[in-house]
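K.L.:
Spelled out from the first residue to the last, the chains are:
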Amino acid sequence: MEVNEQIAIDHGLKKEEFNKICDLLKRVPNITELGIFSAMWNEHCSYKSSRFHLKKLNTKGKKVIQGPGENAGVIDIEDDDAIVFKIESHNHPSFIEPYQGAATGVGGIMRDVFTMGARPIANLNSIHFGSPQHPKTKNLLRGVVKGIGGYGNCMGIPTIGGQTSFDESYNGNILVNAMTLGLVNKNKIFYSKAAGINKPVIYVGSKTGRDGIHGASMASAIFDEKIEEKKPTVQVGDPFTEKLLLEACLELMAGKSIISIQDMGAAGLTSSSIEMASKGNLGIELNLNKVPCREEKMTPYEIMLSESQERMLIILENGKEAEAKKIFDKWNLDFAIIGKTTETKKIELFFDNSKVAEIPINILAENAPVYQRKWKKTKLPQKIKFNKDDFKKLKITEVLKKILSLPNISSKEWIWQQYDHTVMGDTIQKPGSDSGVVRVHGTKKAVATSVDSSATYCYAHPLTGGKQVVCESWRNLISCGSKPIAITNCLNFGNPEKEKNMGEFVECVEGINEASKFLDYPVVSGNVSFYNETKDKGIKPTPAIGGVGLIKNYKKIITMGLKEEGNIIILIGKTEGHLDQSVFAREILNEKKGPPPEINLFNEKNNGETILKLISNEYVLSCHDVSLGGIITALSKMSIKGGKGFKIKKPKFLINQFEYLFAEDQGRYIVEVKKENFGKVKEILNKSSVHYDELGVVTENDIIIDEKSKVSIDELMISNKNWLKDYMNK
Amino acid sequence: MKSSVIIFPGSNCDRDMDVALKKFGFKNEMVWHNDPKIPKCDLIVLPGGFSYGDYLRCGSIAAKSKIIKSVIEFANSGGLVLGICNGFQILTETGLLPGVLLQNKYQKFICKNVHVKINDKENKYFKNIKKEILELHIAHNEGNYFCSKDELKSLNDNNQIAVTYCNKNGNENENDNPNGALGNIAGIFNKNKNILGMMPHPERMIDEYLSSNDGSFFFENLIENLK
Chain W
1083 MEVNEQIAID HGLKKEEFNK ICDLLKRVPN ITELGIFSAM WNEHCSYKSS RFHLKKLNTK
1143 GKKVIQGPGE NAGVIDIEDD DAIVFKIESH NHPSFIEPYQ GAATGVGGIM RDVFTMGARP
1203 IANLNSIHFG SPQHPKTKNL LRGVVKGIGG YGNCMGIPTI GGQTSFDESY NGNILVNAMT
1263 LGLVNKNKIF YSKAAGINKP VIYVGSKTGR DGIHGASMAS AIFDEKIEEK KPTVQVGDPF
1323 TEKLLLEACL ELMAGKSIIS IQDMGAAGLT SSSIEMASKG NLGIELNLNK VPCREEKMTP
1383 YEIMLSESQE RMLIILENGK EAEAKKIFDK WNLDFAIIGK TTETKKIELF FDNSKVAEIP
1443 INILAENAPV YQRKWKKTKL PQKIKFNKDD FKKLKITEVL KKILSLPNIS SKEWIWQQYD
1503 HTVMGDTIQK PGSDSGVVRV HGTKKAVATS VDSSATYCYA HPLTGGKQVV CESWRNLISC
1563 GSKPIAITNC LNFGNPEKEK NMGEFVECVE GINEASKFLD YPVVSGNVSF YNETKDKGIK
1623 PTPAIGGVGL IKNYKKIITM GLKEEGNIII LIGKTEGHLD QSVFAREILN EKKGPPPEIN
1683 LFNEKNNGET ILKLISNEYV LSCHDVSLGG IITALSKMSI KGGKGFKIKK PKFLINQFEY
1743 LFAEDQGRYI VEVKKENFGK VKEILNKSSV HYDELGVVTE NDIIIDEKSK VSIDELMISN
1803 KNWLKDYMNK
Chain D
49 MKSSVIIFPG SNCDRDMDVA LKKFGFKNEM VWHNDPKIPK CDLIVLPGGF SYGDYLRCGS
109 IAAKSKIIKS VIEFANSGGL VLGICNGFQI LTETGLLPGV LLQNKYQKFI CKNVHVKIND
169 KENKYFKNIK KEILELHIAH NEGNYFCSKD ELKSLNDNNQ IAVTYCNKNG NENENDNPNG
229 ALGNIAGIFN KNKNILGMMP HPERMIDEYL SSNDGSFFFE NLIENLK
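Taken in order, these protein sequences are the chains called W and D.
Add 1082 to a position in the first sequence, counting from 1, and you land on the number used in this note's numbering.
Add 48 to a position in the second sequence, counting from 1, and you land on the number used in this note's numbering.
Since the hints were made in silico from the structure, they are not lab data.
A virtual CB, placed ideally from N, CA and C, is assigned to each residue, including glycine.
One or more hints might be untrue.
Computed spacing ranges between beta-carbons, pair by pair [to be verified]:
| id | chain 1 | residue 1 | chain 2 | residue 2 | range |
| --- | --- | --- | --- | --- | --- |
| 1 | D | K179 | W | E1647 | 24 to 30 Å |
| 2 | D | K169 | W | K1484 | 32 to 38 Å |
| 3 | D | D255 | W | N1804 | 30 to 36 Å |
| 4 | D | N204 | W | E1797 | 24 to 30 Å |
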């Protein structure tokens, strides 16, 4: 087939990009080469719209062993232990085929982690669906949850946390972000950089089929009504093979034969081979007849672009082939020597004894287009003047029950009960809490992890929203008594060619960066997903932040359930009564405008660190951060979790009761302390200049607000528990 | 006391079982499905997971694997064989235990704590155990036990129903049956009660920081009974 401009455009390349390819090659590429360019230069693989901005991110820190640029980030958790972690999107495929899309998303992120030598120890996910009333939502949700469970459960890796939201902006573009944490000895980390000439290039894992061809290009396009036709571009997952691949790779990694290793993810054999060669400043030569194929008569084009799952590319030390093959034979996996490293700095492909492609690596990698796209700043919206007379008609307990039963607040037990969250025997905090916590196997340590996003805030004001989501992640980790170490981000946005969407991206990244720097909470890995847009309607900006923190002694973990009658409940952090963009304003008053709550990074850091001080002094019995739905929603969740009630009274402020209870001011936590320690706690808080309010006490059963309003735990529990279950069974 | 945990490709609770057995004093060895034979031991455990991907009926391929012949021989000679979750499914597929494990009634994977009532203590697994009800954990998609009327009668007549799903007070009602299992059955013995298959995972509940510590009672008691 003769390649021309139209064929290039059909491959998702722009006219100028095709011309650039011809200029760089000094000729017109053949179809295989064009396929390779389209795979390497699409948004998903090249980060061409985002790279310029991502470079500014705070990626360094004392605990960072590996920042962005590898398969995943790595952080030091002491005693030679390290945590490898990353989050990645699988949005487009999950919308087209929810089960396989979500399943292979989970499979892909786990491979990114064990490619580096780490055994996965925890999975999380951040999933976002359209309005519950939208005809597609229920099936998409069911399929995605089954897919995530189907893959993670079979692998035997616990899924310990996550986040689910519903918003009509996802009606045509759901989001499925999967995150994995792995544990590795810090002296035994594997990287993707090739080294040495004439080293054998090994293909292991599943056979290559025609599934997922152009998956990465599909992920870089906007959707139209013909999207269903793209089903063949979705990969099909086989978690059983991945489990074997995991065990086989870890067995091989225990020896000293691997020079570098890279999983075949987006753009399959193309991106894995080119990335390894590019990082090592080498060339690579592959004989495509040697690639194990599961379908007949596959062409070089198809072999290079297939996104069949559960495959790895390894560069071995010479002479270690037999030893390595023995391991893969034991696990019944394909093992093929498909090429070698060269000094040419080119990728050269052979098929049926002839050369079918020859491209200098630097053209594909370093010369990939980078765009500084135009973007528009989002102005801070005007504050809304709420009419407090409107509040008088409302009954606190009724509002509270309604908020607890809202799709975005209600319990997600229906989801996480379908995920095995206890396999590996180290889960000490299950899903449904501020963060998931797993022990570092065989030690006193534990890692806490959570994933957060707040599209509503980010949409109202991206800069503030970006900061907020990092702070929220930090608070979730603090709440269980862990010291936050680092984050991974999954940046889900609309069409970067639109100035508004690009602006949302730029400002969210700026916000993330600002908070990350101030809190010394660096970004060590991540992924960008643009073009979440269908028929001109884009999603709300949804950066998802996955955080990881360390608990030095797992026995000191703090949980959110209220513990004992008579204990004092304290609110840490100041309540100004910010209702704009709160759940109360949006869902009860139906007021969707206004700015998100402000972030004060100084207070955020100070409050968080002070909580950790209180925890290390063993004064804190339970702790939960205040987020959506304000103080009263947070307290209710603590009550439901612990099976204890509370009696609270609004301090004598000028602000209204509703403002006090439902405002979403940031940087706040609720803590439970013993009466006899309250004095010492106050001393620490005063010394650290932390604002606090004494809210009230824990009770046996009753929930009493400002003496007048009463409600039972059971009523709250029923409000909170049933929405999703009822919705899914309807 | 010596134990052996068999690892099939796709087993994923093998390490958890190894940790639990060792914690309570067993000298445990891990045995690969292709190993020529099982070392001499007092207990063989078939762990949970997705043996061979469970792409046919759960446990059916493992039931035809090379090593399973030695497991059957060991069981038939009176040796103790414990199958948890996928291990239970494998035991029914080999015919060592009657019945089958169908897909859960609500067609979903279920992972949660459950209570089970111990129905029979005249056996090596539960003799002298200090509790009547254990809080254990299930994590499965195919745990809906089913057998013929005759088989059920025989299970009842011979006191082969080992554990049943119940509430925390020991009442076996439908609300506390997580998967639709016939008669709330969570685990059964063979006639000689040397083979036990059950869906709940005691190995995940072996210290107070996990969501229950009741698995400890099971293992502590088991090793005492074997001494």
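K.L.:
Each hint: holds or not?
P.N.:
Tested hints:
1. D:K179 to W:E1647: 24 to 30 Å: 28 Å, holds
2. D:K169 to W:K1484: 32 to 38 Å: 50 Å, violated
3. D:D255 to W:N1804: 30 to 36 Å: For W:N1804 against D:D255, whose Cβ atoms are near 33 Å apart, the range 30 to 36 Å holds.
4. D:N204 to W:E1797: 24 to 30 Å: 42 Å Cβ-Cβ, so the 24 to 30 Å window is violated.
When held up to the earlier numbered hints, the structure conflicts with 2, 4 and fits the remainder.
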